[in-house]
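Trainee: Listed below are the residues making up each chain.
Number of protein chains: 2
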Amino acid sequence: MKTRHVELGERSYPIYIGDDLLGNADLLKPHIRGQQVMVVSNETVAPLYLEKTRYGLRDFDCASVILPDGEEYKNLDILNQIFDALLENRFNRQCTLVALGGGVVGDMTGFAAASYQRGVDFIQIPTTLLSQVDSSVGGKTGINHPLGKNMIGAFHQPRCVIADTGSLDTLDDRQLSAGIAEIIKYGLLGDAEFFDWLETNMDKLINRDNATLVYAIERSCQDKADVVAADEKESGKRALLNLGHTFGHAIEAGAGYGKWLHGEAVGTGMLMAADLSMRMGWIDKPTLHRTQDIIERAGLPIRAPSYMDFDHFMERMSVDKKVRDGKINFILLKAIGDAVVTNEFNEIHLRETIEAHRALTDT
Amino acid sequence: MKTRHVELGERSYPIYIGDDLLGNADLLKPHIRGQQVMVVSNETVAPLYLEKTRYGLRDFDCASVILPDGEEYKNLDILNQIFDALLENRFNRQCTLVALGGGVVGDMTGFAAASYQRGVDFIQIPTTLLSQVDSSVGGKTGINHPLGKNMIGAFHQPRCVIADTGSLDTLDDRQLSAGIAEIIKYGLLGDAEFFDWLETNMDKLINRDNATLVYAIERSCQDKADVVAADEKESGKRALLNLGHTFGHAIEAGAGYGKWLHGEAVGTGMLMAADLSMRMGWIDKPTLHRTQDIIERAGLPIRAPSYMDFDHFMERMSVDKKVRDGKINFILLKAIGDAVVTNEFNEIHLRETIEAHRALTDT
Numbered sequence: 196m197k198t199r200h201v202e203l204g205e206r207s208y209p210i211y212i213g214d215d216l217l218g219n220a221d222l223l224k225p226h227i228r229g230q231q232v233m234v235v236s237n238e239t240v241a242p243l244y245l246e247k248t249r250y251g252l253r254d255f256d257c258a259s260v261i262l263p264d265g266e267e268y269k270n271l272d273i274l275n276q277i278f279d280a281l282l283e284n285r286f287n288r289q290c291t292l293v294a295l296g297g298g299v300v301g302d303m304t305g306f307a308a309a310s311y312q313r314g315v316d317f318i319q320i321p322t323t324l325l326s327q328v329d330s331s332v333g334g335k336t337g338i339n340h341p342l343g344k345n346m347i348g349a350f351h352q353p354r355c356v357i358a359d360t361g362s363l364d365t366l367d368d369r370q371l372s373a374g375i376a377e378i379i380k381y382g383l384l385g386d387a388e389f390f391d392w393l394e395t396n397m398d399k400l401i402n403r404d405n406a407t408l409v410y411a412i413e414r415s416c417q418d419k420a421d422v423v424a425a426d427e428k429e430s431g432k433r434a435l436l437n438l439g440h441t442f443g444h445a446i447e448a449g450a451g452y453g454k455w456l457h458g459e460a461v462g463t464g465m466l467m468a469a470d471l472s473m474r475m476g477w478i479d480k481p482t483l484h485r486t487q488d489i490i491e492r493a494g495l496p497i498r499a500p501s502y503m504d505f506d507h508f509m510e511r512m513s514v515d516k517k518v519r520d521g522k523i524n525f526i527l528l529k530a531i532g533d534a535v536v537t538n539e540f541n542e543i544h545l546r547e548t549i550e551a552h553r554a555l556t557d558t
Numbered sequence: 196m197k198t199r200h201v202e203l204g205e206r207s208y209p210i211y212i213g214d215d216l217l218g219n220a221d222l223l224k225p226h227i228r229g230q231q232v233m234v235v236s237n238e239t240v241a242p243l244y245l246e247k248t249r250y251g252l253r254d255f256d257c258a259s260v261i262l263p264d265g266e267e268y269k270n271l272d273i274l275n276q277i278f279d280a281l282l283e284n285r286f287n288r289q290c291t292l293v294a295l296g297g298g299v300v301g302d303m304t305g306f307a308a309a310s311y312q313r314g315v316d317f318i319q320i321p322t323t324l325l326s327q328v329d330s331s332v333g334g335k336t337g338i339n340h341p342l343g344k345n346m347i348g349a350f351h352q353p354r355c356v357i358a359d360t361g362s363l364d365t366l367d368d369r370q371l372s373a374g375i376a377e378i379i380k381y382g383l384l385g386d387a388e389f390f391d392w393l394e395t396n397m398d399k400l401i402n403r404d405n406a407t408l409v410y411a412i413e414r415s416c417q418d419k420a421d422v423v424a425a426d427e428k429e430s431g432k433r434a435l436l437n438l439g440h441t442f443g444h445a446i447e448a449g450a451g452y453g454k455w456l457h458g459e460a461v462g463t464g465m466l467m468a469a470d471l472s473m474r475m476g477w478i479d480k481p482t483l484h485r486t487q488d489i490i491e492r493a494g495l496p497i498r499a500p501s502y503m504d505f506d507h508f509m510e511r512m513s514v515d516k517k518v519r520d521g522k523i524n525f526i527l528l529k530a531i532g533d534a535v536v537t538n539e540f541n542e543i544h545l546r547e548t549i550e551a552h553r554a555l556t557d558t
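Heads up: the protein sequence lines correspond to chains A and B, in order. Counting from 1 along the first sequence, just add 195 to a position and that's the residue number in the numbering used here. Counting from 1 along the second sequence, just add 195 to a position and that's the residue number in the numbering used here.
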């Protein structure tokens, strides 16, 4: 087992990475203050891992709530099911919530924990690659609104993160690729050496070699933890973690939540960000090709839906959280491993980028 | 105009108290960072004060949303109307929300501000006495759940509080008394000198003498600000502000939200807390009588609904936020001006207290 740390003063916490960690009472116990524990999971993950997780919590008063599975359920109504369960079970302020599932479960459980009685503890047990390398770390929690993704939420740090690589065995290939998108992101935005490593090891990663997976998760978590420690509330550097997300969120919303996986949209979004960077003369063609090559090798899509034209993207991007004083902010590349936040783009370049990445037909 | 301060490091903020402050652009401007301002009000307050408030915001891009009036609307559905308005108007992270109304509007607006895009600025313009002396100060925000009051929320401090005593002219007597309940609370829990002052000045207060009102608001805000500065997230001393609230919340919920005003329930709740303190031998009969006398002179009820027996109270109080490790916490009195948090009560004394304060018949 590997351990990494997110350094945030008295809110610091460990990330445990390794095989067969689920249900390990010794890992969980030191991070639970009270007696009441509510495990929040979904219909897909609960049959696989709920029993094992509850075994690890056998010394506590444990209850659970099972949500429907999918990004389309990441809303206020389903969030309320968690509050219902907490109140029906008379959970108090000393309780702990445990998120057992992917990013949707983690984000909703985290926001429920941030809001229940104005804030209780929670633990992240991410069971998808994407949530292990991204959403479980850093304390961003929230839900979607019909008019925008993650528009309602809170910064609320977990007490610990337990990334059990064993839970990836049950992940389908599409979900695995979606997770790799966020791994590539860390290389692209600030860790050129890791990007090189990914070029060498992408085949092993796609084939789920365990040591390769553990290293990729560990390094991604460390890269993210360093950014979060430097800028918890996203007043500066943390915005770089949104590389690919301005385009990506527009694609997710434009396609209808649940059609595209978040990581898939981020994959295409990163390529579009690289393409826009090239059109602006910030990176050269070979750099764009390296970016496209690794995204394709990860099994990720490289084109947005055919009906998503310039206006469609603008409509979606103008409600993005990264909009500031009416200007859309993009995270663009100066080089592999060197991303910057900017609103200094040329509309013609943006139009060309969007046109270049519209699918010719939709499958 | 008087100014008081809540000292919370970089989140410190002023409370302005005086007549005709609404619509004062010079007061508002320094506390608004971006260009977009959303005024949240309700159907009762908006016709009276919205236009004037918007006049004070004439240099900003200002929109407004009007909620239905009443504690029964302090829920997730109505909260969502604020998010709808923010997103329909494409409000960004630099926006400011302005709460124009009583405690319900303030609590909901504050929680919307805490959650919108994971946190934006807000300003409190409380228009009821109760919200001027209590809920607008200190950063507690939230909504109710069918199973408990203020069960979902956040700590989120406003950028400033503007308490315009002119807005109290339109307040009915019942609302005025409800506000005085919270004023009495500050005297009872930690400011014996203020309690004495209230005994002397209650008639002037009830008759809305302006200088008396301003002083009572100012002193209440200072007492509250001191407690909040010492313990923002209620890990200790701040719990004292819940004097009367364990019984009070049970009465509000038991009667059905909206039937009793919050301050009315707190009035009866404080008397019950004093009664329980006396039965435990902590205060003497004359002290209980002084407490009952001031509550009655403020025009507040002294009995809970007739159908609220011991079991009914226990059912409600066991989901209270003040429950810890299964034990109900009460704020009880050692003397006037000296309250303590305790779970060391005798069930027989509690039964007696509840029986002694059940109305014989309900009106």
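What the hints contain is simulated information worked out from the structure, not anything from laboratory work. The reader is advised that the hints may include incorrect statements.
[Stated by the list, open to error] To give an idea of the interface, some chain B residues facing chain A are shown, with a C-beta separation under 10 Å as derived from the structure:
{"id": "1", "residue": "F278"}
{"id": "2", "residue": "G361"}
{"id": "3", "residue": "T365"}
[Said to hold, decoys possible] Away from chain B, derived, C-beta distances all over 12 Å, residues of chain A:
{"id": "4", "residue": "A309"}
{"id": "5", "residue": "G337"}
{"id": "6", "residue": "I338"}
{"id": "7", "residue": "N541"}
[To be verified] Just so you have them, the derived chain B footprint on chain A, three or more residues with Cβ under 8 Å:
{"id": "8", "stretch": "277-287"}
{"id": "9", "stretch": "528-536"}
Quantities reported herein were computed from a predicted structural model and do not represent experimental measurements. Positions of the beta carbon are idealized from the N, C-alpha and C atoms, including for glycine.
Trainee: For every hint, state whether the structure bears it out.
Mentor: Going down the list of hints, with the structure as the test:
no., hint, in the structure
1, F278, "holds (6 Å)"
2, G361, "violated (32 Å)"
3, T365, "violated (31 Å)"
4, A309, "violated (7 Å)"
5, G337, "violated (6 Å)"
6, I338, "violated (9 Å)"
7, N541, "holds (22 Å)"
8, 277-287, "holds (count 6)"
9, 528-536, "violated (count 0)"
The structure does not agree with the numbered hints 2, 3, 4, 5, 6, 9 stated previously, though it agrees with the rest.
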